[in-house]
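Novice: Below, each chain spelled out in residue letters.
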Amino acid sequence: AQKVTQAQTEISVVEKEDVTLDCVYETRDTTYYLFWYKQPPSGELVFLIRRNSFDEQNEISGRYSWNFQKSTSSFNFTITASQVVDSAVYFCALSPPLTGGGNKLTFGTGTQLKVEL
Amino acid sequence: DSGVTQTPKHLITATGQRVTLRCSPRSGDLSVYWYQQSLDQGLQFLIQYYNGEERAKGNILERFSAQQFPDLHSELNLSSLELGDSALYFCASSAAPGPPTTQYFGPGTRLLVL
Chain A
1034 AQKVTQAQTE
1044 ISVVEKEDVT
1054 LDCVYETRDT
1064 TYYLFWYKQP
1074 PSGELVFLIR
1084 RNSFDEQNEI
1094 SGRYSWNFQK
1104 STSSFNFTIT
1114 ASQVVDSAVY
1124 FCALSPPLTG
1134 GGNKLTFGTG
1144 TQLKVEL
Chain B
9 DSGVTQTPKH
19 LITATGQRVT
29 LRCSPRSGDL
39 SVYWYQQSLD
49 QGLQFLIQYY
59 NGEERAKGNI
69 LERFSAQQFP
79 DLHSELNLSS
89 LELGDSALYF
99 CASSAAPGPP
109 TTQYFGPGTR
119 LLVL
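These protein sequences, in sequence, are chains A and B. Going letter by letter, the first sequence gives residues 1034 to 1150 in our numbering. Going letter by letter, the second sequence gives residues 9 to 122 in our numbering.
Worth flagging that the hints you see were computed from the coordinates, not collected in a lab. Incorrect hints may appear among the rest.
Said to hold, decoys possible - Computed, partial: chain A to chain B, Cβ under 8 Å: (1) Y1066; (2) F1080; (3) R1083; (4) G1095; (5) P1129; (6) L1138.
Treat the numbers as computed from the prediction; the structure is a model and nothing was measured. Beta carbons: idealized from backbone N, C-alpha and C, even for Gly.
Full structure from sequences and hints, please.
Specialist: Written as structure tokens, this is what we have:
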């Protein structure tokens, strides 16, 4: 069975601080895909990144960076120099096995990030 | 804007009633997904369609049903509504039916059952 754990329920930081959101996953599949989505207060789910299990290179996109470590089954997300607009709930998700079936995503419970002035 | 549209944005109804939520996928996407987000259950997958056919099923209640039409839009029907069905219902779409294709989510329909 697949599982995604986001142990941090809520994180509060002051603007310009760096913050890391943790994501730990469980899967028996050898090839899988991990995702991060952002849910701002307006409610929509915004896709941020997709990462393949066979590519452990870290990725950076502006103030966002992702650290994928297969050895610890973690896919952590860091926001550098946080801003108030980063305040949102962030979800980590895991793709199903590559069995030719459907594409049900397994989501973690989310981390509420509050960035204050 | 993901390109996925959902109507209505908000829906208030009473217990025992039936409602229909509508979703139009991104242009070119053949697969549509429905998810439910509630405080106690989190984000849960309900059902997936690909080009009109059911592809995968999650913990969808028997009171709920969905379909994807030839023009690829999808509808989620919720009947005999209960208070616990109050939630945010998301539709997502993707180009292909399986991983690793990315799912793009619509803005959601917020359902309140009174």
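Novice: Please go over all the hints and tell whether each is borne out by the structure.
Specialist: Results of checking the hints against the structure:
| no. | hint | result |
| --- | --- | --- |
| 1 | Y1066 | holds (4 Å) |
| 2 | F1080 | holds (6 Å) |
| 3 | R1083 | holds (5 Å) |
| 4 | G1095 | violated (19 Å) |
| 5 | P1129 | holds (6 Å) |
| 6 | L1138 | holds (6 Å) |
In summary, the structure is inconsistent with hint 4 from the numbered list given earlier, while agreeing with all the others.
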